[in-house]
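Participant: For reference, the chains in residue letters:
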Amino acid sequence: MSRSIQYTASPLLTSRTPVWRSKFVVGAVALGFVGLGARAAYIQVFNNDFFQRQGEVRFNRTLELPANRGRILDRNGLILASSVPAPSIWAIPEDVSLDDAERATLAKLLGIAPVELAKKLADEDKSFVWLKRQIDPETAKKIAELKFKGIYQRTEYRRQYPEGEAAAHVVGFTDVEDKGQEGVELLFNSTLLGRPGTRHVIKDRLGRAVEQVGETVAPIAGQDVQLSIDTKVQFFAYQKLRDAVLANRAQAGSIVVLDAHTGEVLALANYPSYNPEKRVNLSGAQLRNRALTDTFEPGSVMKPFTIGLALETGRVKTSTVIDTSPGSVTITGATIRDSHPHGALTVEQVIQVSSNVGTTKIAMQMPAGEMWDTFSGAGFGQKPQIEFPGAVSGRLRPAKSWRPIEQATASYGYGLSASLFQMVRSYTVFSHDGQIIRATLLKNSEPAVGVPVFSADTAAKVRKMLQMAAGPGGTGPKAQTVGYSVGGKSGTAYKQVGKGYGSEGNRKYRSWFVGMAPIDQPRIIVGVMLDEPTAGKYFGGEVAAPVFSETVQQTLRVMGVQPDIAIAPQIVANAVQESF
Amino acid sequence: MIRVNILLALATVASAMYLVGVQYESRRLFTELEKAHREARRLGTELERLQVEKRSQATPARVERVAHEKLQMRQVTPGITLYMNLGDAMPAKP
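First to last, the protein sequences are chains A and B.
Going by my numbering, 547 is the number at position 547 of the first sequence; the sequence numbering is gapless.
Going by my numbering, 656 is the number at position 76 of the second sequence; the sequence numbering is gapless.
It is worth saying that the hints were derived from the structure and are not from the lab.
There may be inaccurate statements among the hints.
[Unchecked claim] Over the 10 Å line for every Cβ pair with chain A, so calculated as not near, a few chain B residues:
{"no.": "1", "residue": "Leu587"}
{"no.": "2", "residue": "Leu590"}
{"no.": "3", "residue": "Ala594"}
{"no.": "4", "residue": "Tyr598"}
{"no.": "5", "residue": "Gly601"}
[What the hints assert, rightly or not] These stretches of chain A come out as covered by chain B in the derived footprint (C-beta under 8 Å, 3 or more residues):
{"no.": "6", "region": "154-164"}
{"no.": "7", "region": "480-488"}
Note that the structure is a prediction, hence the values are computed from the model and not measured.
Ideal placement from N, C-alpha and C gives every residue a C-beta, glycine not left out.
Excised from the complex, chain A in its bound form (with noise of 0.2 Å):
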């Protein structure tokens, strides 16, 4: 026992302690700090990401900064379409406990069913449930203000329309994650849409954010569309549209107003249509775009395409006498028949009256390459220069597979077909000197570059023609309007019922009417159709002028045109019966 260490002097505390237990002692508190700086170096070096992401998720937060949908604005930079903030009301139903007056008091504020919520908030395993989407915002405050447990608010935004029904064909609408579903909204979806920015930030206990790390990706706002629509001269076209589709007990009806200088489209509108902002029961019928979806055969829309080629290429002048009588001809064992018989004719009149046989007579002197030249040239089926959802082509048949009947009847506008927009747009070519110009949705100053189809000269003497069938003597004499010159082409066409076009009385009819004014300098091209007008009347010249001479007034109005004609109430009221 002679090693052992001394703690003291003092021979009474004199203890025999064996050395091995101080140095047991040393050793382990050597291995604790071994062990300790081996953990410090696991933390610190080897698997220090581990540890430092775990520390940034408890307060690091990435915050997502909103895009606004860019807005759809008219020509005058009046609000289409704009995105204003709409509460969404979610909840967790685990941590839902209201009693049942709680819930009928939520069910009402949300304006849902007791028993929908009930069914809503039953899914405990579920640990997020929409209870409502884009509600209002005093109502989203008044939920705020019971607080619930286990309700939650989210911002999200709507659509707003002010404009509503009159333009809902033209602005489309977005579905509620905020994608464009029709019109101008899906046509333009990427460029309305903005890109969501991002930011790091620490944030405290309460959920405050106290410090600013890393970059910050700004939000990249959607950009503005401005179209070429103006709101007034939509309003009124769709108005004068919906009265006369109520008025005739029409099914449907379209209508276009476009500007003759620029190619832009001032008006475009349908009527059934629908309440943008309330899209519940909404039926096809209501949706579809007819003015740029649904063809037809143009009818004698088509005859001054035909009149104006035969006078390009000299083939006959304006005064040439054609003579129709006796009402009829017959090619290769057809026969095409004028409504009555008009003797004869000089090829103006044969405008002005709408003689199918004078027509013909003219175009069967007349190669089919050339009319389809004419025809396709005027943009008849052709793709639709204008990217609409859901626009149509129509139908123009290769010259080489047209019989001779064929081309007969091509002359005056049937085994062809165009949407009412393409008609419209056709029409260019006698306003804008003999040149085709583009159409377009979006605000374009620039007087447009056409394509030649004729000389200007042939187009100032279609559009005389034009204004003699708008004219006393002529097929759309209700097309006139006070103050202004106006000239245009009507056209009425039986629909198929079953297999035929229906036995007498049994009939169903479209009609419709394609024209401009000022006659001599057009400023703008209108076309109205009607879908099976059940009142009594059906010529294009009787239900569809109409509601042309309203349109052309107002909008020549609001453009700021003067009236070029002596104003004195000129409306003649006597008709020609127009052929079919």
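Chain A is already provided as a structure; the job is to place chain B on it using the hints.
Facilitator: Coordinates of chain B only, in the frame set by chain A:
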């Protein structure tokens, strides 16, 4: 020497306290700024909402209805419009 050390220690403590204070203040200010930004965004969207609201109160449909029903106004036509030609109305130069 000891005095200098004490002085330095005090200075360090003081600077540390100051740092804590500044850090706190900066976080407080940041929160304020954040709040102001949120308010700005809220006001921005509110403006947008009100503009849309204003627009929907002034749509041609509503204007026409009010003009027609409340004010008994009627549609303008060229028949009841007097057109003045500014070019002619100007006095000729002497």
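Participant: A cut-off of 10 Å on Cβ-Cβ distance, and Gly601(B) was said to be off the interface with chain A. Does that hold?
Facilitator: holds (15 Å)
Participant: The output says Leu590(B) does not contact chain A. Does that hold with a beta carbon cutoff of 10 Å?
Facilitator: holds (29 Å)
Participant: For Leu587(B), is the shortest beta carbon distance to chain A beyond 10 Å?
Facilitator: It holds; Leu587(B) is separated from chain A by about 33 Å at its closest Cβ, greater than 10 Å.
Participant: Please verify the coverage claim for the region 154-164 of chain A: does it have three or more residues whose C-beta sits within 8 Å of some C-beta in chain B?
Facilitator: holds (count 4)
Participant: State whether the coverage of the region 480-488 of chain A by chain B holds or is violated, taking the criterion as 3 or more residues with Cβ-Cβ distances under 8 Å.
Facilitator: Three-residue rule met by the region 480-488 of chain A, so holds; n is 3.
Participant: With 10 Å as the threshold, tell me whether Ala594(B) passes as away from chain A on beta-carbon distances.
Facilitator: It holds; Ala594(B) is separated from chain A by about 24 Å at its closest Cβ, greater than 10 Å.
Participant: Minimum Cβ separation between Tyr598(B) and chain A greater than 10 Å?
Facilitator: holds (18 Å)
This entry satisfies every hint, going by the numbered hints stated previously.
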